[in-house]
Amino acid sequence: SVLRSHTSRSWSPAPQVHAGFRTLVEQYDMYIVDQWGVLHDGKRPYEGAVECLRQLRAQGCGVVMLSNSATRVADAWKGLARLGFEANLFDGVVTSGELAWGWLIDRQRA
Numbered sequence: 002s003v004l005r006s007h008t009s010r011s012w013s014p015a016p017q018v019h020a021g022f023r024t025l026v027e028q029y030d031m032y033i034v035d036q037w038g039v040l041h042d043g044k045r046p047y048e049g050a051v052e053c054l055r056q057l058r059a060q061g062c063g064v065v066m067l068s069n070s071a072t073r074v075a076d077a078w079k080g081l082a083r084l085g086f087e088a089n090l091f092d093g094v095v096t097s098g099e100l101a102w103g104w105l106i107d108r109q110r111a
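Numbering-wise (the numbering used here), the sequence shown opens with residue 2 and increments by one.
Treat each hint with caution, since some may be false.
[Stated by the list, open to error] Beta-carbon label-pair distances, calculated as ranges: (1) K79 to V18: 23 to 31 Å; (2) K44 to A88: 14 to 22 Å; (3) V18 to R108: 39 to 47 Å; (4) L25 to S97: 32 to 40 Å; (5) R83 to G21: 23 to 31 Å.
Quick caveat, the hints were computed from the structure, so don't treat them as lab data. On a predicted model such as this, the values are computed, not experimentally measured, just so you know. All residues carry an ideal CB built from backbone N, CA and C; glycine is no exception.
Given the sequences, and given the hints that come with them, work out the whole structure.
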């Protein structure tokens, strides 16, 4: 189950304000995080970003990095490593560039 306690709480589409990320760890098993503007600024990780991911992993949470970058996944992994994000902090990486490449390959084969 992605939501640990979803069945015990009423679902509300209204945004919830949290004092910090720590309160969310108790609610979800899996996180989809963006990279640019969320984890880093392209030059360095934001303060606390790497440690936050480490804590999520220590709590047994899954983490997928999602990006609308035109890069392929292999290049995204290299970029994350260059910025100090270890590969074990993520279960996977998804980029729009990889999805577009796959679509073009599938289309070419059809």
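Hint-by-hint comparison with the structure:
At about 36 Å, the CB distance of K79 to V18 disagrees with the hint of 23 to 31 Å. Taking 14 to 22 Å as the suggested C-beta distance range, the pair K44 and A88 conforms, at roughly 20 Å. Remark: the range hint 39 to 47 Å for V18 to R108 is upheld by a beta-carbon distance near 44 Å. Roughly 25 Å separates the CB atoms of L25 and S97, a value that falls outside the hinted 32 to 40 Å.
Between R83 and G21 the CB atoms are about 28 Å apart, so this pair conforms to the stated range of 23 to 31 Å.
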